[in-house]
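Number of protein chains: 2
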Amino acid sequence: MKIGIFDSGIGGLTVFKEISKALPSFEIVYLGDTARLPYGIKSKRTIDHYSIKNIDFLKSLDCEIIVIACNTASSYSARLLKKKYKIPIFDVISSGVTAALRLNPKNLGVIGTNSTISSESYIRTIKRKNPKVKVHSKACPIFVPIIEQGLVNQKYYDKIIYENLKFFTNKKIDSLILGCTHYPLIKKNIQSCVGGDVVLIDSASEVAGSLREHLLKHHGNEFKKPDKKRSIFLTDKSEYFQSVVGKIFRKLDFKIKLVDLK
Amino acid sequence: MKIGIFDSGIGGLTVFKEISKALPSFEIVYLGDTARLPYGIKSKRTIDHYSIKNIDFLKSLDCEIIVIACNTASSYSARLLKKKYKIPIFDVISSGVTAALRLNPKNLGVIGTNSTISSESYIRTIKRKNPKVKVHSKACPIFVPIIEQGLVNQKYYDKIIYENLKFFTNKKIDSLILGCTHYPLIKKNIQSCVGGDVVLIDSASEVAGSLREHLLKHHGNEFKKPDKKRSIFLTDKSEYFQSVVGKIFRKLDFKIKLVDLK
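Going down the list, the sequences are from chains A and B. So for the first sequence, the working numbering puts the first residue at 6; every next one is plus one. So for the second sequence, the working numbering puts the first residue at 6; every next one is plus one.
With the rest of the complex left out, here is chain A (with noise of 0.2 angstroms):
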């Protein structure tokens, strides 16, 4: 059972990092789109193009599950995607919600980019599972170029980041939706701005969960096996995309590899 994951880049290496601690005997593959980035500011047309491209290719390496960090593609094309394939596909934002609904929230906070904010996913799908909730939610489109340039703790910009959150400090949340997996990498930033009461979201661990769950029901006996192997390939590998992969991730045991899906 080998699992494919996706992601417009880089920032989907936090769900890759807890899938793998989750579930050391189930072979893993990572795409990261970098030589199309972002997605978070492009058209629900565009994403869903990139989407299938990506899936295809997974699916080309064999894997039989498909997990979408991005929460743009989630936002926008987990729907047609989960109609248009028949394998099990899990997306950030579907665990992202059940995780904070579980809480029992009165006013539920949510943040990500200006795609995934706009396109009301997360108010959707929260307002299904419960209508009774208050859902308050920002873009906060500058965060990902301020941690993928390495500059969160640099002069401004954690005040740049406490006016992006001033935005929560009267709206009494009780959680706050991390939704974008770029954001995880900048929590304690987050937390000291938004109050040490607030619950912080983190898909990353909510959709390995999810899987672990999922693959526990249907897959039991893979649990035994001995440890798999994990790859990692991207779409562009620029100097400065090996750059931010060593910012973010201090130990990478694998190698990175390119792959051509124009």
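If you are wondering where the hints come from, they were derived from the structure by calculation, not from laboratory data. Not one of these hints is a red herring.
Copies of the same chain are indistinguishable here, so a pair counts whether it falls within one copy or spans any two.
Derived DSSO-like pairs (lysine-lysine); straight-line CA-CA distance at most 27 angstroms:
no., residue 1, residue 2
1, Lys252, Lys49
2, Lys58, Lys7
3, Lys260, Lys49
4, Lys252, Lys262
5, Lys267, Lys89
6, Lys64, Lys267
7, Lys111, Lys132
8, Lys230, Lys260
9, Lys267, Lys58
From a predicted model like this one, the values you see are computed outputs, not experimental measurements.
Use these hints to put chain B onto chain A, whose structure you have.
Just chain B, lined up with the frame of chain A:
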């Protein structure tokens, strides 16, 4: 005589505007590769591939002269493209450098994206023409999201622009090349950071000048013709891009058309 301009996205519309103004009697087609932007963090291999796709599209519309408005594509791919195609190709780097050297500088500053600066294409082009000039270059990758997200006049962003340009404080530069099509849009902020004495070289108007010179020499008769059509094509037309175009260009009198280069 139809002129084709391409850029990774919408920053190159600064080049389009200058060329439009300088050459009203020429038909002009602009192509912004918004589906795959940004180029500034991607590899030469990927930028070469995208640039070829872009020119093939412009050629399919009968463009007989090409302007590479994107600094990254000019840095990485101009040489390859000029060899591959039999039509005249102008790029922002050659024009920008020619203009800068005309001022006879001793210390010349260059700012650009990561790829433009790390490719050292500006340094090479300058040194080839005048090895005596000292070149001081710095990547300022955070400027593009700041400009695109319309954050320039919001709290702390002026300070971040200043922090990036502090590098030039003791370099005694006499002029500064704005090596990214987005940067002319924050010209005032940059000028106030580096001081009023430093001449800012805006490659948009420089490439328009070089092109006009070439056309006067080879197609002088076409200058007397009536005003011609302008067209703008984008490879992705999300809400975000339309709002950015609106933020950057208050009056844009052309309908934006979508084209699929996948």
